[in-house]
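Residues -13 to 132 (the working numbering) are what the sequence shown spells out, left to right.
Bear in mind the hints are in silico, worked out from the structure with no lab data behind them.
The C-beta atom is built at its ideal place from N, Cα and C for all residues, glycine as well.
Mixed in with the good hints, there may be bad ones.
Estimated spans, in silico, between C-beta atoms of each pair [stated by the list, open to error]: (1) 42 with 63: 15 to 21 angstroms; (2) 127 with 64: 15 to 21 angstroms; (3) 104 with 49: 31 to 37 angstroms; (4) 102 with 27: 14 to 20 angstroms; (5) 125 with 88: 15 to 21 angstroms; (6) 63 with 86: 18 to 24 angstroms; (7) 27 with 129: 15 to 21 angstroms.
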Amino acid sequence: MKTSNQSFIHSLVFSLAFLTWSCQSSPQKPRIHQGDDLSVMALQKKLKPLGIRILTEREARIPKEERGKYLPLRAIPGHKPMSLEPCQSGYLLTSIQGVEKSDIETFIRVLTAWRSGEQLTLKVRRNPHLQIASEWWERELVLKLP
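Make a model of the complete structure from these sequences and hints.
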């Protein structure tokens, strides 16, 4: 007959073994696109004067198979000047300087290297994963960092 201490220890060992297995069997994606990385926080600060906010992939409801491909953005409501029109669906960054990319890491590197006074052309489209409006929409933005 097991004592309560033995049951507790057995459960603890099983839980630790399961946790170890689950961490090893599912490789971790870089945290840079989860919105809590220092470079993303610095980028948030850089984009704020343009009225643009970076969303996490979870906030943008990007499916797991598409994560890491696009940088989800949203217009800051009521911000002046407004670079993007406010849209509940938000946007996905699909290209920078006319180069189509499917790599969030590249988008973040280029935006982080963007310096004051430089002009940058971004292509964004409405986020189809939060699509509230029925129309598909894509736009090029020519932005200059203050």
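Here is what the structure says about each hint:
no.	hint	in the structure
1	42 with 63: 15 to 21 angstroms	holds (18 angstroms)
2	127 with 64: 15 to 21 angstroms	holds (19 angstroms)
3	104 with 49: 31 to 37 angstroms	holds (34 angstroms)
4	102 with 27: 14 to 20 angstroms	holds (18 angstroms)
5	125 with 88: 15 to 21 angstroms	holds (19 angstroms)
6	63 with 86: 18 to 24 angstroms	violated (29 angstroms)
7	27 with 129: 15 to 21 angstroms	holds (20 angstroms)
Of the hints listed earlier, the one the structure fails to meet is number 6.
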